[in-house]
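Enquirer: Sequence:
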Amino acid sequence: MQFYSTNNPDLRANLEEVIFKGLPDDNGLFMPLHIPQLSADFFQNLTSFSFQDIAFQVAQTFLQGAVPDEALRSIIDRAINFPAPLVRLEEQTYILELTHGPSLAFKDFGARFMAEMMAYLNQEKQRDIVILVATSGDTGGAVAAGFYQTPGIEVVILYPSGKVSPLQEKQLTTLGHNITALEVNGTFDDCQALVKQAFLDRQLTQRIHLSSANSINMARLIPQSFYYFEAYKQLQTSKPVVFSIPSGNFGNLTAGLLAKKMGLPVHQFLAATNLNDVVPEYLATGLYTPRPSVRTLSNAMDVGSPSNFARMLNLYGSTWNNLKNDITGFAFDDETTERAMQEIAQKFDYTLDPHGAVGYLAWQQYRQSEPDAVGVILETAHPAKFLEDVERIVDKSIEVPARLKELENREKVATALETDFGDFKAWLIENF
Numbered sequence: 014m015q016f017y018s019t020n021n022p023d024l025r026a027n028l029e030e031v032i033f034k035g036l037p038d039d040n041g042l043f044m045p046l047h048i049p050q051l052s053a054d055f056f057q058n059l060t061s062f063s064f065q066d067i068a069f070q071v072a073q074t075f076l077q078g079a080v081p082d083e084a085l086r087s088i089i090d091r092a093i094n095f096p097a098p099l100v101r102l103e104e105q106t107y108i109l110e111l112t113h114g115p116s117l118a119f120k121d122f123g124a125r126f127m128a129e130m131m132a133y134l135n136q137e138k139q140r141d142i143v144i145l146v147a148t149s150g151d152t153g154g155a156v157a158a159g160f161y162q163t164p165g166i167e168v169v170i171l172y173p174s175g176k177v178s179p180l181q182e183k184q185l186t187t188l189g190h191n192i193t194a195l196e197v198n199g200t201f202d203d204c205q206a207l208v209k210q211a212f213l214d215r216q217l218t219q220r221i222h223l224s225s226a227n228s229i230n231m232a233r234l235i236p237q238s239f240y241y242f243e244a245y246k247q248l249q250t251s252k253p254v255v256f257s258i259p260s261g262n263f264g265n266l267t268a269g270l271l272a273k274k275m276g277l278p279v280h281q282f283l284a285a286t287n288l289n290d291v292v293p294e295y296l297a298t299g300l301y302t303p304r305p306s307v308r309t310l311s312n313a314m315d316v317g318s319p320s321n322f323a324r325m326l327n328l329y330g331s332t333w334n335n336l337k338n339d340i341t342g343f344a345f346d347d348e349t350t351e352r353a354m355q356e357i358a359q360k361f362d363y364t365l366d367p368h369g370a371v372g373y374l375a376w377q378q379y380r381q382s383e384p385d386a387v388g389v390i391l392e393t394a395h396p397a398k399f400l401e402d403v404e405r406i407v408d409k410s411i412e413v414p415a416r417l418k419e420l421e422n423r424e425k426v427a428t429a430l431e432t433d434f435g436d437f438k439a440w441l442i443e444n445f
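Numbered per this note's numbering, the sequence shown spans residues 14 to 445.
The set of hints was computed from the structure by calculation and includes no laboratory data. It is possible that part of the hints are untrue.
Here are the simulated distance ranges between beta carbons [as the list claims (entries may be wrong)]: (1) Thr349 to His113: 26 to 36 angstroms; (2) Ser87 to Pro49: 36 to 46 angstroms; (3) Thr349 to Asp141: 46 to 56 angstroms; (4) Pro253 to Ala429: 19 to 29 angstroms; (5) Asn422 to Thr349: 14 to 24 angstroms.
What you are looking at is a predicted structure, and each value in this text was computed from that prediction instead of being measured. Don't be surprised by glycine CBs; every beta carbon is placed ideally from N, CA and C.
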């Protein structure tokens, strides 16, 4: 299994290098040299497979022998040990609930798989690894849960001060042990920029074994492709299938594109965003204009310069026409999002979080032009993670799952940090 850089098609790296480095030295993103096709037998027998069976066969095909089958099956069975159920709202409209993992967010799939994969690859070398993670809300909680007390691995989570929900913040700042939180006086884009700069700093990378658990790391995207196949299995439809994906850094959508490249018959992807709409704007105009993110109700999507856009372009030969043929972009403001949440609660007695509601809006708008299609909306986080806003909007109490509720009285422990890279570098050197 070989990978190259989006900035250098001649570069070659193996799976272990890709997972532990996170980023190539040229500041590109790793991409697989070849995306293999799943067999016709796989799709013919899809309905008879368990979720773990699907995950194993997709990973086995994608990794092309880079991990022995027995080890890979063990990694899958430990990492993907919770469901991704499809819930029918109405005819041709479904919710894919990705909220049943330890941190109640879709990023549990990627974080747990990556933790298991790193532990496997590191077992003989026993390197001390420092994982840097920038989060706009859910990534940090998933990574913290996935890597908690993993031997030989320290996790440093950078999050924007005041821009994550109270319960999200508790997930980042209360575990301790090998999990450290840095509260950055800035935006998610500032946090992401600090992480990327760290990987490009030779003094740091020579001194500390750095890795990333953001979706810039290819190991995050592989397992996120699994649930697209699982959703398709549950649908059992011959109609055109459309996935509506609430999007911020666009790792989730990129994973869906990988699934399609492996043979999953997806009719269309919907890139559903809030006011941070640089990708929908590109899809509509061909102009890509990254800019500072703005704060919204759907905070995990508050990203003004999405990293995975480079991968999306790369998959389609950097050609605008090719990309927009498979992806349609939509953007919605908070007021529209709140109305959608109220409509869903009243019409279907179902509570979506603000991110899922943006996905619902995109599907409702798109389906007007494709009346025969079936829409699958990705619900990316449990509504209880945004408790105050959700209860205010839908005007009813939301039950908080026990694993979230137990965090409420834990003490927050976080180190304040400005956006200056020199300060971040000094902190890393002092602590590691």
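Enquirer: Evaluate each hint against the coordinates.
Expert: Verification of the hints:
1. Thr349 to His113: 26 to 36 angstroms: Hint holds: Cβ distance 28 angstroms, inside 26 to 36 angstroms.
2. Ser87 to Pro49: 36 to 46 angstroms: Check failed, 22 angstroms falls outside 36 to 46 angstroms.
3. Thr349 to Asp141: 46 to 56 angstroms: About 48 angstroms separates the Cβ atoms of Thr349 and Asp141, which means 46 to 56 angstroms holds.
4. Pro253 to Ala429: 19 to 29 angstroms: About 50 angstroms separates the Cβ atoms of Pro253 and Ala429, which means 19 to 29 angstroms is violated.
5. Asn422 to Thr349: 14 to 24 angstroms: About 36 angstroms separates the Cβ atoms of Asn422 and Thr349, which means 14 to 24 angstroms is violated.
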